[in-house]
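2 protein chains.
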Amino acid sequence: MTETPTRRDLLNQIGAIAGGSAVYLAMTSMGFAAESDYAGPVKLEGDPKGASVLILGAGVAGMAAALELRKAGYKVQVLDYNSRAGGRTWTIRGGDTYTELGGETQHCRFAEGLYINPGPWRIPYHHKGMLDYCKRLGVALEPFIQVNHNAYLHSKNAYDGKPQRYREVQADYHGTVAELLAKAVNADKLDDAVSKDDRERLLLSLRSFGALGVDGRYRTGEYASSRRGYAKPPGGGLSAEPESSVISSSSDVLKSGLWRALAVALDYDYQTTLFQPVGGMDMIARAFAREVGDLIRLNSKVTAIRQDETGVTASWCHTVTGEMGQSRADYCLCTIPLSILSQIEMNVGPKLADAIGAVPYAPGMKIGLQFKRRFWEQDEAIYGGISYTDLPISTIGYPATDYFKDGPGVLLGAYPFGPYAYEFTAMTPAERIAKAVEFGAVIHPQYRSEFEHGVAVGWHRVPWSMGCYGQWSSEARAKHYRNLCAMDGRILLAGEHASYIPAWQEGALLSSLDAIGRLHQRVMAR
Amino acid sequence: MTETPTRRDLLNQIGAIAGGSAVYLAMTSMGFAAESDYAGPVKLEGDPKGASVLILGAGVAGMAAALELRKAGYKVQVLDYNSRAGGRTWTIRGGDTYTELGGETQHCRFAEGLYINPGPWRIPYHHKGMLDYCKRLGVALEPFIQVNHNAYLHSKNAYDGKPQRYREVQADYHGTVAELLAKAVNADKLDDAVSKDDRERLLLSLRSFGALGVDGRYRTGEYASSRRGYAKPPGGGLSAEPESSVISSSSDVLKSGLWRALAVALDYDYQTTLFQPVGGMDMIARAFAREVGDLIRLNSKVTAIRQDETGVTASWCHTVTGEMGQSRADYCLCTIPLSILSQIEMNVGPKLADAIGAVPYAPGMKIGLQFKRRFWEQDEAIYGGISYTDLPISTIGYPATDYFKDGPGVLLGAYPFGPYAYEFTAMTPAERIAKAVEFGAVIHPQYRSEFEHGVAVGWHRVPWSMGCYGQWSSEARAKHYRNLCAMDGRILLAGEHASYIPAWQEGALLSSLDAIGRLHQRVMAR
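So the sequence lines, in the order shown, correspond to chains F and A. If you want my numbering, it's the 1-based position in the first sequence plus 1. If you want my numbering, it's the 1-based position in the second sequence plus 1.
Quick caveat, the hints were computed from the structure, so don't treat them as lab data. There may be inaccurate statements among the hints.
One copy or any two copies: either way a pair holds, since identical chains are not told apart in the list.
As the list claims (entries may be wrong) - Taking lysine to aspartate or glutamate and the EDC-like style, the derived pairs with C-alpha atoms no more than 16 Å apart in a straight line are:
hint: 1; residue 1: 136; residue 2: 292
hint: 2; residue 1: 163; residue 2: 113
hint: 3; residue 1: 373; residue 2: 453
hint: 4; residue 1: 373; residue 2: 295
hint: 5; residue 1: 233; residue 2: 223
hint: 6; residue 1: 256; residue 2: 201
Same shape as in the complex, but just chain F (with noise of 0.2 Å):
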């Protein structure tokens, strides 16, 4: 799913607009959490005698449920909208078309062996229910870069309007939180705080760690330029020596507030090491759907959901004929986003049915640019990586594989979260494809001669999820989380959205082990 920068963006425009209690508040309520509790593969022990699962959805959770509940002697159907496996596990290559709600058909034209992920595109190393699939699955990871100290952070209101490199601004903040401290420490401000042994080791590390001289004084000069880069760089023979860049004044950078940007690196979800499928995320989806491909009936629009006293019928529509059926099966596990299943009739008792509604979607956008070269790398040292900007765009993600290729290169172009993301969704297309440019041109000026042609996903026009995944408020999630995980009858329900760990793969995967191991238990205690 388009994740978690979905906090971070989230987080800074509460930031902007409210203020930093505010922040600290709604990173709470929002629940967010990134390890994973998998403990190995799921052993679901014992005959189920013939019982059989309807599968709603054929996206991660519902593929996994698919895999397991077979080998464990179900008998399993899996119902899917779309005309291909893996739901927002999903990558965009040339040569693909989607249509999204409101008819906009786009038809990818990206060069051969590039592509987008419109929904995840990484995998931290603690998701280890998605790393222990891919490894079992056959699927070939590759580390995907999320922090690049020459990369930009960038705001309209900052440095005029000048993109910075990350490790300038990270050089500088440090540099001017070292020497505050290091100030109030050396004036005996903190000593009520800090014991005499302390101290001196306080010290020590603030040098450290904000490149401070003997002085304590953050300047500019080698010692910061060993952190932000230089004006001239140190060669080799004569002419050789390096010039110090010029450091930003502790008033310039915390005005700038791109220290904002800097946080994202420390966050657990975004640690190190991060991987990715080799090829695109896709590869993950094609790899389930090469186990559980035959038990998958594409192109079913689910229309109805009934249980009874011995099982529960699921209605379709096929999406592409018109055909109308019905599917049935012992036990239903429904893994269909809440912002759609709340829409299909089904007969669960209140409880669920509060639960399902208690979750609105958030909205996201995605758009892939090509362009005729990889101008980062060539002309800015960019591998990888990602540039922040507080411009509509947000953010500009650089390609973790293929570096220093020749020919087209695809960007990630914008991802906005919140009202930018529904800004853009509101546009045509073309018209999110063109800000988007228009916007990324503010960073690198290539932009403008380079760009060759683009694909835009946003979200809330996506007609299968209508919004990138379940945000729940931690009201809703101490009122509605149980009950929307329990099951209901014969009906139980997975997906990021029964989790802790939401817009994360992961968190598809881990609620569709719990559930299935739930459900298996029932099975086994009739």
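Fit chain A to the known structure of chain F by using the hints.
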């Protein structure tokens, strides 16, 4: 070369012994710097009319010069001591044999595809010369992982000797610094240093940077856990609720000294994105050798270098057959390490002679250890990156390639500089390896059951370099650097020692390109 952990390790040692001001002085005096001033392929225009150059040493400096000088029309010969090209750009694999000073021979038994780079093992994004040559010569690169937030920081004197995760130390150190500074600001202790406008921005930034609550406190809870990791990670379905990990007290954080390691990642040399050649650093040596291997006479130990009015003659001795011979050319580009060159008879002026004698060579050692399985990935979710310890091994480096692979793997099991490197090198290779396993088991108990065999390179016992790299003091650099680089009659020096990027391949390369540019000017001015 064994590179700049040098700087860090040395500085840490200096810091531990002499306190912070010594660190800063040492840092500036070591003259370290990182970026390169490579300005694209060298252009040697004009016809050298049959001028010839004898190059001593077939490392990166020597082979780059050979390639460019031949292309420009020079007659080129290269002599090298070793039976392979590459010099310190070196990879040891199963089947390789290495004999050190003192006569100890090691036969490496690593499994197919596994290797250790005793010298350089990474290329920063700003080493533009090396990256350009890799591209031109078709050397495939992959990301090198420097920082791994899930790797360990360890001190025998902290946390009862129990390794801490990098993420835990980083979060707790940031929390400590941010909380203390927020406290000083809130108590109006810094009103002279921070304007009223900046004050609110600073407080807001500290909350974001240090994961502080609205009250300015860093405490155990969801926010801190979203940085340092969880006691029970979040999951899916029922029982998915995460449990927070418990933070360290600021005093424990400061006392531990583990914050020292955090500064490494801030250094320009180690910022993202770093690269390594796929398959081992010597892929670069092999690529150069494909171009200029026909010019290189291997197994040739230079015994004397004499210049006269018409040219330069190097006397050599075949290291296997004992055959003696001489090679002569109009000019000589000498890339032999100063540690060796200072022992070779050579008629140069006193300025160059003094410079050659003025640069001691840094000690350093690397040990590669093969284990039955990649337990660091399978048991501990560590994919690439580095653990740091104050045990004599200093460093454990995890392979940044072949992630998730079954079968054996090779770790960098020790990478000490300074006194520890001397202590290790004084032992036999077998003893060094046994010690590395003993110390490493403190951090990874799996060592005891999983270790198979290893290989140990102590750079002061490497016959052809007798040390790691040229360790310039600022006094020596001020007095001798320009003399070292200046042409002396028909002789010109190059190599990492003739650069402001010591210990790195980029320094060797740029010094070489600078030298041949000046040599060519001289030739064209005839």
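Check: Which hint numbers doesn't this structure obey?
Finding: Of the numbered hints given earlier, those the structure breaks are 2 and 4, listed in rising order.
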